[in-house]
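There are 2 protein chains.
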Amino acid sequence: MTAQQMPTLLLRVPTPDGVAVAAGKIAQLLPKTPLLEASVNGTSVWFKAESLQPVGAFKIRGAWHRLTDLSEEQRARGVVGVSSGNHAQGVAWAAKRLGIAATIVMPVDAPRTKIEATRGYGATVVLYDRPGGENRDAVAQDLIDQSGAILVHAYGDPWVIEGQGTTGTEITAQLAERGLAGPTRIVCPCGGGGLTAGLALACPDAEIVPVEPEGWDDVRLSLERGEIVPVPDFKFPTQCDALQTPATWPINFAILKARVACGYAVTAAEVRAAQRWAFAQLHLVVEPGGAAALAAVLAGKVPIDGRTAVVLSGGNTDPADFAKVLASSD
Amino acid sequence: MTAQQMPTLLLRVPTPDGVAVAAGKIAQLLPKTPLLEASVNGTSVWFKAESLQPVGAFKIRGAWHRLTDLSEEQRARGVVGVSSGNHAQGVAWAAKRLGIAATIVMPVDAPRTKIEATRGYGATVVLYDRPGGENRDAVAQDLIDQSGAILVHAYGDPWVIEGQGTTGTEITAQLAERGLAGPTRIVCPCGGGGLTAGLALACPDAEIVPVEPEGWDDVRLSLERGEIVPVPDFKFPTQCDALQTPATWPINFAILKARVACGYAVTAAEVRAAQRWAFAQLHLVVEPGGAAALAAVLAGKVPIDGRTAVVLSGGNTDPADFAKVLASSD
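Listed in order, the protein sequences are those of chains A and B. Mapping of the first sequence onto the working numbering: residues 1 to 330, in sequence order. Mapping of the second sequence onto the working numbering: residues 1 to 330, in sequence order.
Keep in mind that a hint or two might mislead.
So these bits of chain A aren't anywhere near chain B, every CB distance computed over 10 angstroms [said to hold, decoys possible]:
id: 1; residue: 68
id: 2; residue: 75
id: 3; residue: 96
id: 4; residue: 99
id: 5; residue: 119
id: 6; residue: 124
id: 7; residue: 135
id: 8; residue: 139
id: 9; residue: 150
id: 10; residue: 177
id: 11; residue: 182
id: 12; residue: 214
id: 13; residue: 250
id: 14; residue: 283
id: 15; residue: 301
id: 16; residue: 316
A few chain A residues that face chain B, going by a derived Cβ cut-off under 7 angstroms, partial list only [said to hold, decoys possible]:
id: 17; residue: 51
id: 18; residue: 306
id: 19; residue: 319
id: 20; residue: 326
In the SDA-like style, the derived pairs of lysine to any residue whose C-alpha atoms are separated by at most 25 angstroms in a straight line are [as the list claims (entries may be wrong)]:
id: 21; chain 1: A; residue 1: 324; chain 2: B; residue 2: 328
id: 22; chain 1: B; residue 1: 96; chain 2: A; residue 2: 37
id: 23; chain 1: B; residue 1: 96; chain 2: B; residue 2: 148
id: 24; chain 1: B; residue 1: 32; chain 2: A; residue 2: 173
id: 25; chain 1: B; residue 1: 301; chain 2: B; residue 2: 228
id: 26; chain 1: B; residue 1: 25; chain 2: A; residue 2: 181
id: 27; chain 1: A; residue 1: 96; chain 2: B; residue 2: 42
Hints in this document: simulated from the structure, not taken from any laboratory. All values reported here derive from a predicted model rather than from experimental measurement. From the three backbone atoms N, C-alpha and C, an ideal C-beta is built for every residue, glycine too.
Between the sequences and the hints, there should be enough to build the whole structure, so can you do that?
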């Protein structure tokens with residue numbers, strides 16, 4: 001889908017006020033996820049455990065903000081989401097709670113855990129052939145053309161961006177509870193840039209640092225070149241299924257370009273090391289994509305101080321995959 | 001050590017007021033661990049994630065309450081703890097923060113993770129031969145006789161009992177934040193009965209349900225017979241190292257006898273199933289002993305309702321052991 005094809009999404013721009021509205025809604029719905037303190041090379045760092053959300057990822061925030069703002073007429077038409085799994089679960093969870101029919105377009109090679117969980121929330125799952133290069137947005141558009149359902153895009157949507165930003169609102173509040181000023185820096189896993197853009201709106205005084213997996217670091221490249229650059233090779237292997245987005249969207253990039261200095265990429269081995277560290281030090285199950293920001297911090301790629309927050313964005317991983325990571329030592 | 005040998009510990013009885021004092025101290029020190037909601041067979045159950053404490057277990061509570069109540073003169077003498085690992089880390093963590101020297105008596109077959117973490121907090125670790133039947137209390141007494149240090153018993157200590165009870169104070173407060181009355185029932189892993197007795201003091205209106213591993217269910221047997229019964233076979237194999245206590249103590253049993261109807265035992269396979277469930281549903285790393293209460297709930301041994309709380313008491317487990325559990329399917 002091109003930018004020209006999404007006029008309804010561009011009717012408004014996401015704003016800090018929108019994040020505040022979303023934060024109010026989320027606070028009514030869900031307790032804050034914990035902000036855990038742990039030492040990295042002698043410096044206290046703050047870990048925002050979004051893996052402990054009911055769907056195992058922060059995606060519940062944007063989905064809730066989006067779906068609760070639909071009109072009755074829109075709700076009756078149902079919603080369509082496109083996702084490798086975490087946004088899928090977020091939309092399915094919110095739709096179930098609001099009594100809205102949800103159809104989710106998911107890659108056939110998504111983790112079984114994520115596909116089953118999405119179906120478990122009552123959503124209809126339509127699989128597309130990601131390894132074969134099938135265009136997921138085209139599959140979604142066909143469904144929308146047939147049913148008149150509302151698209152809830154995983155990152156290129158003002159409500160979704162504002163909703164994800166509430167992660168930053170909570171971090172600021174939780175640091176304040178401990179007598180600290182807001183975060184100096186928030187390091188976050190980055191796929192299409194929904195969370196990254198939301199954090200930039202929520203925390204205007206913090207440096208926002210997106211981290212992507214090697215080979216899928218299109219946001220890093222886009223920031224470097226000053227324009228949206230897609231992933232060069234859609235077949236580059238990565239274990240970070242949650243961060244396999246082909247390109248960021250204009251609505252996200254407008255915010256990123258203004259607020260984010262640069263992005264970072266992490267290797268598969270650095271991600272595994274981060275998952276093992278989170279297991280041992282925090283007793284958390286973090287999925288590969290959810291551990292990308294931590295990986296950059298542990299690898300010394302991103303500076304830290306006593307008010308650096310690291311988002312652990314999701315925990316949905318298959319047990320056999322996680323067992324392999326625990327057995328690895330690279 | 002017999003009851004006759006511990007006169008100083010029996011100078012006072014743990015009380016609900018003592019739990020309230022401890023809760024005030026803990027609230028100053030640590031944020032509440034999350035109370036996570038998840039569905040078990042269609043019923044919402046509340047999971048108290050004590051595995052997310054800084055030392056990976058609730059033991060930090062009792063250790064902090066005990067050590068902060070020591071006089072200057074007592075602090076100067078240092079403390080001795082006896083523990084398979086979680087109490088060890090709790091005492092070591094609190095002692096380090098307070099500048100008190102700590103020596104911990106640990107079994108030679110304790111998880112490496114726990115021994116290393118205890119040393120990491122700066123404590124001196126003295127290993128004893130648990131598999132060979134060496135008496136850990138005698139080893140500790142020798143150290144105390146030599147150094148004049150203060151014993152911080154893992155469960156037979158009024159401060160420790162009160163401190164562990166603050167887990168229940170938090171559960172009650174967190175249910176209230178969600179508009180619910182206090183817990184109807186708290187299901188908790190049980191070793192020597194420190195946590196169980198503390199919860200009974202903290203939550204007088206809740207049914208307290210201790211769960212032990214098969215073969216180490218001496219509290220269950222003791223409640224059945226109305227008197228303290230030790231574990232019949234100290235060599236019975238169990239993966240629940242945190243719950244391998246030979247017998248409860250009079251100070252604990254006095255409370256348990258008055259407040260606890262009965263205990264339950266869970267099998268090794270039930271514990272593994274619970275660890276896998278916590279991985280998949282809650283994205284938490286829970287050690288075998290920490291999963292005992294959840295195991296009893298999932299096995300249908302303990303009834304549940306919408307105000308049942310289950311304590312996940314610890315998350316300190318070796319990665320290779322956890323990988324094996326994830327790969328198992330029993």
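Going through the hints against the structure:
1. 68: holds, 19 angstroms
2. 75: About 24 angstroms separates residue 75(A) from the closest Cβ of chain B, which puts it past 10 angstroms; holds.
3. 96: Non-interface label on residue 96(A) holds, nearest chain B Cβ at 12 angstroms vs cutoff 10 angstroms.
4. 99: holds, 18 angstroms
5. 119: The claim stands: residue 119(A) keeps its Cβ more than 10 angstroms from every Cβ of chain B (closest is about 15 angstroms).
6. 124: Its Cβ never comes within 10 angstroms of chain B, the nearest being 21 angstroms, so this holds.
7. 135: holds, 31 angstroms
8. 139: holds, 28 angstroms
9. 150: holds, 28 angstroms
10. 177: violated, 7 angstroms
11. 182: The claim stands: residue 182(A) keeps its Cβ more than 10 angstroms from every Cβ of chain B (closest is about 17 angstroms).
12. 214: Non-interface label stands for residue 214(A): nearest chain B Cβ at 24 angstroms, farther than 10 angstroms.
13. 250: Fine: 33 angstroms to the nearest Cβ keeps residue 250(A) off the interface.
14. 283: Label violated. Min Cβ-Cβ 3 angstroms, cutoff 10 angstroms.
15. 301: holds, 24 angstroms
16. 316: At roughly 7 angstroms from the nearest Cβ of chain B, residue 316(A) sits no farther out than 10 angstroms, so the non-interface label is violated.
17. 51: holds, 5 angstroms
18. 306: Given a least distance of 16 angstroms, the restraint on residue 306(A) is violated.
19. 319: Check passed: Cβ of residue 319(A) comes within 4 angstroms of chain B, closer than 7 angstroms.
20. 326: holds, 4 angstroms
21. 324(A) / 328(B): Given that 25 angstroms is the threshold and the Cα spacing comes to 13 angstroms, the pair holds.
22. 96(B) / 37(A): Holds: residue 96(B) and residue 37(A) sit about 17 angstroms apart, inside 25 angstroms.
23. 96(B) / 148(B): The given pair, whose Cα atoms are some 19 angstroms apart, holds under the 25 angstroms limit.
24. 32(B) / 173(A): Holds: residue 32(B) and residue 173(A) sit about 15 angstroms apart, inside 25 angstroms.
25. 301(B) / 228(B): holds, 23 angstroms
26. 25(B) / 181(A): Status holds; Cα separation ~23 angstroms.
27. 96(A) / 42(B): Given that 25 angstroms is the threshold and the Cα spacing comes to 15 angstroms, the pair holds.
Hints 10, 14, 16, 18 from the earlier list are contradicted by this structure; the remaining hints agree with it.
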